[in-house]
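J.: Given next are the chains, with one letter for each unit.
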Amino acid sequence: MQYSHRNKWFLLIGIIPILVLANLFFGSVTIPLTEIIEVFNGDSSNLAWEMILFESRLPRVFAAILCGSAISISGFQMQVLFRNPLAGPYILGISSGASLGVSLLVLTGGWLFGGMFVIDDWSIALASTLGAMLILLLVFATSIRVKDIMTVLIVGIMLGALTTAIIGVLQYFSSSDQLKSFVIWTLGSLDGINYNELFILSIAVIIGLVLALFQLKPLNLLLMGEAYSKSMGINLVKSRLLIILSAGILAGSVTAFCGPIGFIGIVVPHLCRVWFQTSNARILIPSIVLLGINIMLLSDCIAHLPFSDLVLPLNSITAILGIPIIFWMVLGRKNISSNL
Amino acid sequence: MKELINIDKLLIGYGPKNEGCAIMAPISTVVYEGEFICLIGENGKGKSTLLKTLSGNLEALSGMVTINGRNLSDYKNQELSTQLSLVLTDKLSIGLITVFDLVAFGRYPFTNWLAKISKKDDSIITESLKACGIEGLANRYFGNLSDGEKQKVLIARAIAQQTPIIILDEPLNHLDLINKVEIFSLLQQLCRTTNKTIIISTHQVELALQAADQLWLITNDHQLSVSTPDDAITNGVFDKAFKSDKVTFDKQSKTFQLRTNL
Chain W
1 MQYSHRNKWF
11 LLIGIIPILV
21 LANLFFGSVT
31 IPLTEIIEVF
41 NGDSSNLAWE
51 MILFESRLPR
61 VFAAILCGSA
71 ISISGFQMQV
81 LFRNPLAGPY
91 ILGISSGASL
101 GVSLLVLTGG
111 WLFGGMFVID
121 DWSIALASTL
131 GAMLILLLVF
141 ATSIRVKDIM
151 TVLIVGIMLG
161 ALTTAIIGVL
171 QYFSSSDQLK
181 SFVIWTLGSL
191 DGINYNELFI
201 LSIAVIIGLV
211 LALFQLKPLN
221 LLLMGEAYSK
231 SMGINLVKSR
241 LLIILSAGIL
251 AGSVTAFCGP
261 IGFIGIVVPH
271 LCRVWFQTSN
281 ARILIPSIVL
291 LGINIMLLSD
301 CIAHLPFSDL
311 VLPLNSITAI
321 LGIPIIFWMV
331 LGRKNISSNL
Chain Y
341 MKELINIDKL
351 LIGYGPKNEG
361 CAIMAPISTV
371 VYEGEFICLI
381 GENGKGKSTL
391 LKTLSGNLEA
401 LSGMVTINGR
411 NLSDYKNQEL
421 STQLSLVLTD
431 KLSIGLITVF
441 DLVAFGRYPF
451 TNWLAKISKK
461 DDSIITESLK
471 ACGIEGLANR
481 YFGNLSDGEK
491 QKVLIARAIA
501 QQTPIIILDE
511 PLNHLDLINK
521 VEIFSLLQQL
531 CRTTNKTIII
541 STHQVELALQ
551 AADQLWLITN
561 DHQLSVSTPD
571 DAITNGVFDK
581 AFKSDKVTFD
591 KQSKTFQLRT
601 NL
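The listed protein sequences derive, respectively, from chains W and Y.
Okay, so the first sequence: first residue is 1 according to my numbering, each after it adds one.
Okay, so the second sequence: first residue is 341 according to my numbering, each after it adds one.
For the record, the hints were derived by calculation from the structure and aren't laboratory data.
You may find that some hints are simply not true.
Subject to a maximum C-alpha distance of 25 Å in a straight line, what follows is the list of computed DSS-like cross-link-like pairs (lysine-lysine) [said to hold, decoys possible]:
(1) W:Lys230 x Y:Lys586
(2) Y:Lys470 x Y:Lys459
(3) Y:Lys392 x W:Lys238
(4) W:Lys147 x Y:Lys431
(5) W:Lys230 x Y:Lys357
(6) Y:Lys456 x W:Lys238
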């Protein structure tokens with residue numbers, strides 16, 4: 001029993017290369033496996049395939065790995081912090097903050113920023129980060145002032161609703177072209193990310209994950225409630241802030257580059273609890289990272305519809321995969337809230 | 341005997357410091373090492389408030405508590421966690437944590453940031469489980485245990501924290517008689533064998549009378565009366581604290597009896 005979780009970890013690690021290969025293999029152009037190997041060995045003479053693999057599919061694979069681990073861990077932290085099984089990485093209004101930033105940029109056509117910005121991937125990422133940081137700072141300030149964590153949750157949700165309302169107004173007054181590019185951003189996508197962006201994303205994700213690891217003890221002790229956590233030496237205000245900061249960096253950076261990606265952050269922590277039969281963060285954190293990577297790679301593989309040249313919206317795939325799992329958990333396991 | 345906790349003109353209650361609403365008269369008393377103290381009093385008289393204040397979870401309105409000669413409010417959480425451990429009354433709903441893991445939480449003040457359990461921690465956890473007679477439950481999930489077993493696990497966790505003081509807020513609630521007696525004698529044993537100071541609030545007056553070194557009795561006029569059980573019976577504070585025309589307290593047998601002439 002002591003080592004059974006290690007076997008599961010090895011299994012998850014073992015599946016990653018298979019999914020990576022599948023992601024490299026499938027897409028609008030099918031590149032034969034032997035060619036993929038030749039390209040990576042530098043023996044290939046087909047420049048087009050080399051371009052597709054190195055400039056499109058490989059960055060996508062890296063993005064899936066970063067994104068899957070980041071939003072899953074972010075969701076786990078929010079579930080423990082708010083003691084709410086349906087909490088996810090976006091519960092604090094991070095995604096609506098990011099959406100507000102992006103909508104201010106895209107829907108006003110950069111007018112609000114004095115026309116300084118061209119609307120491209122970079123400015124969208126910047127706007128989204130600023131928006132997410134703004135909401136996060138407000139939630140931060142609340143959590144310093146207010147002792148009750150449920151109040152913080154309500155403030156986060158209300159700020160989210162408020163930003164959604166502002167976005168609604170912006171959408172109403174924007175042109176159909178602007179509306180389309182905004183809606184496409186909200187659908188989420190790992191495509192089009194380049195190595196520079198990947199570099200920034202990976203630094204943010206590593207910082208977020210290390211912060212999360214440093215909060216391992218509070219993440220366990222908070223299961224017993226705040227009084228017990230304090231009595232075991234936890235500084236509640238500090239831990240709470242660091243958990244929010246970590247979750248904010250993880251979800252915020254992913255949202256900036258890939259759009260708001262739904263359901264993975266809620267579902268992966270639950271699947272890990274059920275599969276590994278534990279709520280202990282020492283086992284859960286590595287498990288969530290590994291399963292998050294697997295599920296994100298799988299979702300992106302499905303989104304690129306193997307054997308066709310269509311690409312489906314990533315957010316629809318994660319929802320179609322995720323929501324039945326939530327149903328199964330809520331309906332089939334009566335004590336979901338006690339199993340955090 | 342070594343003086344461990346010194347309570348000086350402590351005013352407890354809720355509200356802003358110095359102007360909040362006090363719920364008891366000022367308390368002054370001393371707790372010595374190895375004492376088994378039972379805090380009794382009716383519901384709503386301030387038992388939990390007093391224990392919350394003593395454990396640093398609630399700020400005192402005025403007055404002072406010192407532990408080992410140092411002001412309670414000067415302790416950081418981390419430092420206090422090596423002096424004082426808690427067992428609370430509220431029901432915990434954690435499903436997928438094993439008994440071993442939960443008792444291991446008690447070692448967290450002493451582990452590294454990744455909460456690595458050393459060989460020494462491991463043996464302390466096993467010892468704590470044994471002390472509570474629940475070593476057989478180590479691999480069971482906390483959520484699947486009975487109320488009595490859960491309470492023993494929480495006590496084992498407090499023991500694993502190896503603090504000189506354990507404060508328990510009504511740990512006997514929701515338990516049947518056998519479990520009540522078992523846990524009570526377990527705590528008394530712990531006090532005797534390890535020289536820990538235990539402060540427990542309870543409604544089990546008869547058990548408290550048999551086991552306590554000191555009784556902390558909250559009287560009807562909101563005083564904390566501190567005395568040995570025998571003194572409490574003879575000097576009559578006891579009658580004052582539990583005044584009712586339905587029951588009488590029989591000093592001979594140290595039990596409550598229904599008034600038969602109703």
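J.: Taking the hints in turn, state whether each one holds.
T.: These are the hints, each one checked on the structure:
1. W:Lys230 x Y:Lys586: With Cα atoms ~42 Å apart, Lys230 (chain W) and Lys586 (chain Y) exceed 25 Å; violated.
2. Y:Lys470 x Y:Lys459: Satisfied, since the Cα-Cα distance of roughly 17 Å is no more than 25 Å.
3. Y:Lys392 x W:Lys238: Holds: Lys392 (chain Y) and Lys238 (chain W) sit about 21 Å apart, inside 25 Å.
4. W:Lys147 x Y:Lys431: holds (21 Å)
5. W:Lys230 x Y:Lys357: holds (21 Å)
6. Y:Lys456 x W:Lys238: holds (22 Å)
Hint violations for this structure: number 1 only, all remaining hints satisfied.
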